[in-house]
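Residue numbers (my numbering), protein chains in the order written: chain A, 1 to 126; chain B, 1 to 183.
Quick caveat, the hints were computed from the structure, so don't treat them as lab data. Only a predicted model underlies this, so the values are computations on that prediction, with no experimental measurement involved. One should not assume that every hint holds.
Unchecked claim - Covered stretches of chain B, as calculated for chain A (at least 3 residues, CB under 8 Å): (1) 11-18; (2) 30-39; (3) 42-51; (4) 108-114; (5) 128-140; (6) 158-165.
We put the CB at the ideal spot given by N, CA and C, even for glycine.
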Amino acid sequence: MKASATKTDKLDRILSTEGELVPSSGFAASVMDRVREEAAAPKPIPFPWKRALPGMTLAAAGLGWCAVKLAQVGVAEMNALSSARLHLDAGMMRSVESVGWVAAALGVSLLSWLLARRMIGRTGLV
Amino acid sequence: MERVLAGDVNAFEGIVRRWQGPLVNMAWRYCRDRGRAEEMAQEALVGAWRGLKQWRREGSFSTWLFALAANVFRSELKRFPTVDVSMEDAPEPARAASQEKDLAEHQSSDLVRRAVLALPVRYREPVVLFYFHEMDVSATARSMGMPEGTVKARLARARALLKKRFPQLEDQQAATELTHKEA
Chain A
1 MKASATKTDK
11 LDRILSTEGE
21 LVPSSGFAAS
31 VMDRVREEAA
41 APKPIPFPWK
51 RALPGMTLAA
61 AGLGWCAVKL
71 AQVGVAEMNA
81 LSSARLHLDA
91 GMMRSVESVG
101 WVAAALGVSL
111 LSWLLARRMI
121 GRTGLV
Chain B
1 MERVLAGDVN
11 AFEGIVRRWQ
21 GPLVNMAWRY
31 CRDRGRAEEM
41 AQEALVGAWR
51 GLKQWRREGS
61 FSTWLFALAA
71 NVFRSELKRF
81 PTVDVSMEDA
91 PEPARAASQE
101 KDLAEHQSSD
111 LVRRAVLALP
121 VRYREPVVLF
131 YFHEMDVSAT
141 ARSMGMPEGT
151 VKARLARARA
161 LLKKRFPQLE
171 DQQAATELTH
181 KEA
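Just chain B, with the same shape it has in the complex (with noise of 0.2 Å):
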């Protein structure tokens, strides 16, 4: 990091092959497109390199790039926004056929997904990055520079409003938690 911040550019490589991984992923979960994963973690490494003597170092260095990052790709998917479709026009998963069981509940998971996409901006960003910070709070609230009630908040709306639509997650987790009381 010293030589990074020396300014040599060969060193930079190191950050690079560390942090790519996490960062596509994290792109992956703002646009489900793959290539444009890729485009916005780019920007989001260059950026990084850009900026890096504005790192304090009093914070993490993970912390500080989360944030650089979810900045750069809100403001990628403002000037180029996602195809996506809205809350009530998201396909609803079929029942699975108990046949096609495994197949039907990971297409329907994969629609879950999808759906997030067509949460309002505000409500979608906390959802994206709450699960991609393995669901802590904490560290969602500081990618996003937002206090953690605020995240709370948003969450609980985003979740309300997937669950509306899609009521089969509400019915799935009261069956669990009886079975869980029945135990």
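One chain only, chain A, in its complex shape (with noise of 0.2 Å):
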């Protein structure tokens, strides 16, 4: 859609007539310079996926296996301070509470952050 000339104004006549810049005589050279370099590089080595990936494998089988047994041990330690919770004192039950309030809002703030800067990259407003 081209704006109608019945809505062009000053702003506009300034902003559209522009000096047209011719560029120097040497730019077209130094352009093709630098592509017939890019050209004659090496290409980049590939990332040795076949010898990566029994490696890359058992680390992350690795990992889901920590992953499962600290989940075990995360859940059991659950049952067992719910079950030993009764005999905590109220003040003891604050404390944990408000770190459990604390890492909440960390974690909420880390997403929000993590948001904002998805939505500001994909408007490249920055």
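These two chains come separately, so use the hints to put the complex back together.
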């Protein structure tokens, strides 16, 4: 959609009438030098997927196993904590709760920061 | 183009010669520094060489090239911003004295153009590209990879900011409109 002639004003006239800049005489040659350099450069060594895959699979399996173990320990601890909860005094409970709230707030902050970065990245504002 | 896509480096020179002018002029509008404009245009052309295989032929080459160039210029200016003044500090053009009207007119136009660089980034780029694309909102939106509505809204805001800074633009527009109505 082009702006209609009736809508153009002085600002449009000023900003649309720019002097034409002619590239300097050696510009095309210097661009071509860069392009030739790029073309002559050896291609980057591809990532050795075949060699790395077994190791990466092993590492992923190890991490998964650790995560499962940690979760099991965590669940067991939680169960132990909930049974011991009745024995904890009120002050202790308050501290545990506030730590939980702080952790939750930090998590929410991190999420919102990541979301904001992602949105800014999409719009290309910065 | 087929030869370039097949990897013929020398054939790319035709593309460089065809598009060097538009890209240098586009870069100039982003930074208003001739030397830097050429550097940025060179980066864009080298980037075009690297990414030519990503060009999908359903779109025109120029659309793809301008969008790529806009990305390159945006990143370059993010890395090394132009030294520009804020909108408040942008000098206001003096009223034209009758005997020096042409010179004063030229200088004030230049100040308005430079004030575009003092706009916040989100408004600056739509203005730069809108006037580079001869006031074509669709082309501006394609170069920025943004919906036309967003571009229009940002343009309106940018124009309002510029007219607030240079109220005489508004006065002269009103005067022109009045003359048109009377005619």
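Verification of the supplied hints:
1. 11-18: Coverage by chain A holds here, the residue count being 4 at a Cβ distance below 8 Å.
2. 30-39: holds (count 3)
3. 42-51: holds (count 5)
4. 108-114: Since three or more residues must qualify, the claim that chain A covers the segment 108-114 of chain B holds, with 3 doing so at under 8 Å.
5. 128-140: Our answer is that it holds, as 6 residues pass the Cβ test (under 8 Å) against chain A, meeting three.
6. 158-165: holds (count 3)
Checked against the numbered hints given earlier, the structure satisfies every one of them.
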